[in-house]
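So the sequences go chain by chain: E and Y. Residue numbering for the first sequence follows our numbering, beginning at 12 and increasing consecutively. Residue numbering for the second sequence follows our numbering, beginning at 88 and increasing consecutively.
Since the hints were derived computationally from the structure, they do not count as laboratory data. Just so it is clear, the structure is predicted and the values come from calculations on it, not from any experiment. Glycine included, every Cβ here is placed at the ideal spot set by N, Cα and C. Errors might be hidden in some of the hints.
What the hints assert, rightly or not - Take a look, some chain E residues computed to stay more than 12 Å from chain Y by CB distance:
no., residue
1, Pro51
2, Val76
3, Ala103
4, Ser131
5, Asp158
6, Arg169
7, Gln170
8, Ser171
9, Gly172
10, Val176
11, Glu179
To be verified - Quick partial rundown of chain E residues pointing at chain Y, CB under 10 Å, derived from the structure:
no., residue
12, Ala50
13, Glu54
14, Phe67
15, Thr143
16, Ile145
17, Ala153
18, Pro157
To be verified - BS3-like mimics (lysine-lysine), calculated; alpha carbons at most 27 Å apart, straight line:
no., chain 1, residue 1, chain 2, residue 2
19, Y, Lys332, E, Lys99
20, Y, Lys108, E, Lys22
21, Y, Lys379, Y, Lys542
22, E, Lys22, Y, Lys332
23, E, Lys155, E, Lys22
24, Y, Lys295, E, Lys35
25, E, Lys177, E, Lys35
26, E, Lys22, Y, Lys295
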Amino acid sequence: MASKQVLGIFKTADDAALATDRLKEAGFSAQDYQVLTGAPYPEGAFGEEIPKHRLFAFPFFGAAVGFTVAILVTAGTQISYPLVTGGKPILAIPPMAIITYEGTMLGAIIMTIIGVIFESRLPRPFTGLYDTRITEGYIGVALKCPDDRVQAADLVFRQSGAEDVKHEE
Amino acid sequence: MATSNGSHNGGHLYQPQVFTKTQREITREVLDQTRSTGPGYKRALAFFGLLLVLGIIGFIIRATNDGFDRFSPWGYMMATFSFLITAAASAPVFSVTQRMVRSHWRRPMARVAEMFAVVGVLSTLMFIPLLLLLPSAEGRRSIWFEWPGTPFWPDILAVVFLFVLGIALLFVAAVPDLAATRDLGDGWRQRWAARLVPGWHGDDRQWKVLRAGLMVLGALYFMMLIYVHFLITADFAQALVPGWKDSILAPYHALSGLQSAIAVTLVAMYLLYRFGGFKDYIHADQFKSASKILLGLSLLWFYFWFSGFIVYWYGRQPVEQNVLKTFMFEAYRWPFVISMVLTFFVPVFGLMWNFVRKSLLGPALIGFSILVGTMMDRVRIYVATFSIADKRADALEALHPEPLLGVPTAQMPVTADVMIVIGGIGGAIFLYLLAMKFIPIISIWEVSEGLLYRKTVPFLKRTIMLMGKPD
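Construct the complete structure from the given sequences, taking the supplied hints into account.
This is the structure we're talking about:
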């Protein structure tokens, strides 16, 4: 059965928290809804599912790639053109560390920027229901439910004090 | 009254800032201020734009008359570039560190500090002609071990990536506020914001990734910044002066950057308070808290400088004496003395007083003093270096066969130098003013988040601030 989105718009955080409790009582799970806010609330403040992300893996991956490339470039250059400088070994760690540090940083930076965009799921031109009042401090509870449960969800939102309820057409 | 500041208690008891505005009021007011371009703003923009044009003319005069074969004509431009890296590029680190330690007072000043990342456009453009001056690392002592393409590629990549990282940090931190512009703005700003953040709705995942992203980008920014300080001091200072081997110079340069970061943020905060229409958002809380860190950094500044100085002073080799005479006690004595007074004595003996720290004007004036002192410090380091490198251009190619045996005379600025210096600094302010009309200068979402955690409650015969810490 096709699913539709229902957005409850609440003036206070207390009403939104009450709505998420009632959604659970009505048989919806925490995976079915998301809480939309104009400012970040502490995780789990509305009893919602705490999302997981893998952002921290991105800089580590980028750093590992950058480090490897930098080591290959510095060691490869010196082995290919073995010039003794200042009586130091051909593969001298301190000067290699400078380029290796930069390579590691560049890899980490590029992958972090990619990671933030990817993990935020941005850009996302078709995002479903939204209301600009959320930007000004209202709380939105966006529920995804089967067609036949839209009315039940609407009722739960209104009984919990929603100022407005929007339905996906 | 938008914030509770203890006036109920007879005005004597200091209380941290607690906003009594709603998120709706904050959003509307900050967006209105972002839209507003009054006559004062336009005059300031035109003035600093004119300075930027003067700087460009100064640059053209220098390039036409002197070319890029000699160092000495570009000493003041190098000092200006270094000053911009020291003050403007370091400013986002102040916001990053305060966000990491979850301080609440920093909320209204977070964007003010991060916005300085836009100055990277100017400093990166200034850096390209300066790079043309550097001889190849081949055949001379440098940190590069004669690798092909050094020092050009590592230097330009580091400066460019620092700029990119700064813009990424600014953008990620501004995404929710750009979404507010998209939802509640109008005209070109609304269309611009809608294109930049089409999918931001503030769901749990987006907030979580935003916070994690700011932490990672902030940590990387800090790591990149100290690397850039290291490269600049190595390639544009010590490698050009035979016999100058100061292991503390790069940390000193970076620490000076952290000190200037707070100084420039305090000055910007005061100007926004006084002229920017943000009196309800900027409070003694920010000045008092930042001043304590600034006091500590000013003491550290002296410690770092002294650690470098004392080794040379005790060493007393001819080259060491000449390095001290050149950079501190003879040729560039006055820039050094002014720098020492404005960067150490003024902040330490000013900020040690509680009434100064609690005021708005006091820390801002001391911040201005630090910025002037830092500029003087950069003049003594880079103008002196470039005049020495110029006279010893041949020696650079021949592995510096001799140490620094004499003390050069100080190089005074000519008209083109003055134009470059005021153009560089004016251009930085111009870019900042311009950026303020694209991105809200007060972080709406961070100030709104603060509403959740702070409130004023009665306590016996006075009121106190109650603060929640969710993690």
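Evaluated hints:
no.: 1; hint: Pro51; verdict: violated (4 Å)
no.: 2; hint: Val76; verdict: holds (15 Å)
no.: 3; hint: Ala103; verdict: violated (7 Å)
no.: 4; hint: Ser131; verdict: violated (5 Å)
no.: 5; hint: Asp158; verdict: holds (23 Å)
no.: 6; hint: Arg169; verdict: holds (22 Å)
no.: 7; hint: Gln170; verdict: holds (24 Å)
no.: 8; hint: Ser171; verdict: holds (19 Å)
no.: 9; hint: Gly172; verdict: holds (18 Å)
no.: 10; hint: Val176; verdict: holds (17 Å)
no.: 11; hint: Glu179; verdict: holds (14 Å)
no.: 12; hint: Ala50; verdict: holds (4 Å)
no.: 13; hint: Glu54; verdict: holds (7 Å)
no.: 14; hint: Phe67; verdict: holds (7 Å)
no.: 15; hint: Thr143; verdict: holds (4 Å)
no.: 16; hint: Ile145; verdict: holds (7 Å)
no.: 17; hint: Ala153; verdict: holds (7 Å)
no.: 18; hint: Pro157; verdict: violated (21 Å)
no.: 19; hint: Lys332/Y to Lys99/E; verdict: holds (18 Å)
no.: 20; hint: Lys108/Y to Lys22/E; verdict: holds (15 Å)
no.: 21; hint: Lys379/Y to Lys542/Y; verdict: holds (24 Å)
no.: 22; hint: Lys22/E to Lys332/Y; verdict: violated (64 Å)
no.: 23; hint: Lys155/E to Lys22/E; verdict: holds (21 Å)
no.: 24; hint: Lys295/Y to Lys35/E; verdict: holds (23 Å)
no.: 25; hint: Lys177/E to Lys35/E; verdict: holds (19 Å)
no.: 26; hint: Lys22/E to Lys295/Y; verdict: holds (23 Å)
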